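Visitor: The lines below spell out each chain.
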Amino acid sequence: MADALAAVQPEPILAADVTPRAQGFSPPGGRAQRAWGSGRLSTKPGQGRTRLDTFYQEGCAKLRLPEMFDGTMEAVLINSSGGLTGGDRMEWRFSAGPQTALTLTTQACERIYKASAGVAEIDTRLTVGAGARLDWLPQETILFDRAALRRSLEVELADDATFLAVEAVLLGRKAMGETVLSGSFRDRWRIRRAGRLLHADHLALEGEIAALASRSAVLGGGVAFASLVFCAGDCAHHLAPLRRLLAGTQGGVSHVTVGGMEKLVIRLIAKDGFSLRKTLVPVISHLRLGASLPKVWNL
Amino acid sequence: MGMIMAEASQPGSASATTALLRLMTWLSPAFPVGAFSYSSGLEQAISSGMPQDGEALFDWLQALLLHGSLWNDAVLLAEAHRCIDRPEPLADVAALAEALAGGRERHQETMLQGSAFLAAASAWPHPVLSMLEQGAAYPVAVGAVAGAHGIGCMAAVAAYLQAALANQTSVAIRCGLIGQVQAVGLLARLEALVENTAARASDSSLEALGTATLLAEIATLAHETLPSRLFRS
Numbered sequence: 001m002a003d004a005l006a007a008v009q010p011e012p013i014l015a016a017d018v019t020p021r022a023q024g025f026s027p028p029g030g031r032a033q034r035a036w037g038s039g040r041l042s043t044k045p046g047q048g049r050t051r052l053d054t055f056y057q058e059g060c061a062k063l064r065l066p067e068m069f070d071g072t073m074e075a076v077l078i079n080s081s082g083g084l085t086g087g088d089r090m091e092w093r094f095s096a097g098p099q100t101a102l103t104l105t106t107q108a109c110e111r112i113y114k115a116s117a118g119v120a121e122i123d124t125r126l127t128v129g130a131g132a133r134l135d136w137l138p139q140e141t142i143l144f145d146r147a148a149l150r151r152s153l154e155v156e157l158a159d160d161a162t163f164l165a166v167e168a169v170l171l172g173r174k175a176m177g178e179t180v181l182s183g184s185f186r187d188r189w190r191i192r193r194a195g196r197l198l199h200a201d202h203l204a205l206e207g208e209i210a211a212l213a214s215r216s217a218v219l220g221g222g223v224a225f226a227s228l229v230f231c232a233g234d235c236a237h238h239l240a241p242l243r244r245l246l247a248g249t250q251g252g253v254s255h256v257t258v259g260g261m262e263k264l265v266i267r268l269i270a271k272d273g274f275s276l277r278k279t280l281v282p283v284i285s286h287l288r289l290g291a292s293l294p295k296v297w298n299l
Numbered sequence: 001m002g003m004i005m006a007e008a009s010q011p012g013s014a015s016a017t018t019a020l021l022r023l024m025t026w027l028s029p030a031f032p033v034g035a036f037s038y039s040s041g042l043e044q045a046i047s048s049g050m051p052q053d054g055e056a057l058f059d060w061l062q063a064l065l066l067h068g069s070l071w072n073d074a075v076l077l078a079e080a081h082r083c084i085d086r087p088e089p090l091a092d093v094a095a096l097a098e099a100l101a102g103g104r105e106r107h108q109e110t111m112l113q114g115s116a117f118l119a120a121a122s123a124w125p126h127p128v129l130s131m132l133e134q135g136a137a138y139p140v141a142v143g144a145v146a147g148a149h150g151i152g153c154m155a156a157v158a159a160y161l162q163a164a165l166a167n168q169t170s171v172a173i174r175c176g177l178i179g180q181v182q183a184v185g186l187l188a189r190l191e192a193l194v195e196n197t198a199a200r201a202s203d204s205s206l207e208a209l210g211t212a213t214l215l216a217e218i219a220t221l222a223h224e225t226l227p228s229r230l231f232r233s
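Residue numbers (the working numbering), protein chains in the order written: chain W, 1 to 299; chain V, 1 to 233.
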């Protein structure tokens, strides 16, 4: 798999405006060097296909571009440090140029390990140009006991851009007998269309997470949850099929209009990661309108 | 009421009695915002057996105050309260509150009540009403109007939360989950938490926004397809 993904790996293009690592992230007080990574990519249209425009990777952030045969582009995000802990920071910047189609996913689940000090940060900014489509489909984030993660997703959509985003979180790995007793998880979303705020979300699970998750208004004992947002003009017709796909699950979907702009929002809770994926895959598939899911998402 | 007294001594603020009267009026079930017609998903939650008795409802409401939509509302109200002289941040918090409203019914619940509140509050004329003439989510409308009339932030948040909890217990009564006496008992037990939450929110910034109550939110989504319903949300 890794070899196939690496097949069309382009050379890094060093951007002039990048803050050097030494300046941006040298921890004070002689503590162990923390992981840091920055990855950027933008696309442009060319002969009816999505082409690479700019590409940049630094630190533990790597990008792989599997060969695509349908004219779209897929980028696989890799954190080569193998997981994040307090003080680590990842920055991702992606821009889908006009009339291009870009799918972003991760090679593995992002693991957030026990933080002895500080907070791990993942900061993602996405831009989707006119007539373009971007799918943000990272695999699940796994929080381990006493993990501390602050995540931010900022998205700018052109007037007629299409955007799909999924973020799934597992509290430990149930199959491995791991439980998360305490920790801190904060996830902040902002999605703007033509400069106007269309969607905002702030999730916060902090402190005694196991006790919190067991409450009936919170996760009802579930250890896996996901948020999904789909932004496109005229998307109300997806509501009925999505309701059918979510029937019998601990999940819900709604179609919301904010200042004339449309979105579909989904929240989903499951007893474990496998059950969550079993529901998520057909839902994502439906909203991909026939385009295949990234291979890593195959059950 | 100590908080109303303390804040009343500041220049430009309403007297303690005026503040009390206005909050009682604005957040009374009789104020024409239609609060009685919304359940914030509680009708759905009760019908699917999530809170099954008064104790479980207590836990549910506590979670909403500490980790749910009521906490976010408190933070948004406090921000609007701070922004009454600054049209741009006020417009920003209004946009944020609308974008944060999870599903269609929750969006409708907060936007329609906010607009109705602003319309009814025009009986107390103030320039801030014209700053929100596009409408605003309910906590933003209440925060801006309370701030504009010199009513303390903590008092306004506390009154807003108390009204929301009273409405939730009223929903539970109408759904047959609890009786009147139990409902009053729940409000008495939640009093200290309301005061504490109001204090924390009035001292917060938008950084404090954050919810964990996903099942309560899913209940607001699922309510859209609840076959037989008393409430609009």
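Simulated from the structure, these hints should not be mistaken for laboratory data. Just so you know, these numbers come straight off a predicted model, no measurement behind them. Hints may contain errors.
As the list claims (entries may be wrong) - Reference listing, derived: stretches of chain V covered by chain W, where coverage requires no fewer than 3 residues with Cβ under 8 Å from a Cβ of chain W:
no.: 1; segment: 102 to 110
no.: 2; segment: 115 to 123
no.: 3; segment: 143 to 154
As the list claims (entries may be wrong) - Here are the simulated lysine to any residue pairs, SDA-like style, with alpha carbons at most 20 Å apart:
no.: 4; chain 1: W; residue 1: 271; chain 2: V; residue 2: 49
no.: 5; chain 1: W; residue 1: 263; chain 2: V; residue 2: 49
no.: 6; chain 1: W; residue 1: 295; chain 2: W; residue 2: 108
no.: 7; chain 1: W; residue 1: 114; chain 2: V; residue 2: 21
no.: 8; chain 1: W; residue 1: 263; chain 2: W; residue 2: 285
no.: 9; chain 1: W; residue 1: 271; chain 2: V; residue 2: 225
What the hints assert, rightly or not - Some but not every residue of chain W turned toward chain V, in silico, with C-beta under 10 Å:
no.: 10; residue: 78
no.: 11; residue: 115
no.: 12; residue: 116
no.: 13; residue: 117
no.: 14; residue: 119
no.: 15; residue: 191
no.: 16; residue: 194
no.: 17; residue: 203
no.: 18; residue: 204
no.: 19; residue: 209
no.: 20; residue: 256
no.: 21; residue: 259
no.: 22; residue: 265
no.: 23; residue: 271
Even for Gly, the Cβ is constructed at its ideal location relative to N, Cα and C.
Visitor: Are any of the numbered hints broken by this structure? If so, which, sorted upward?
Guide: 2, 3, 5, 7, 9, 10, 11, 12, 13, 14, 16 and 23
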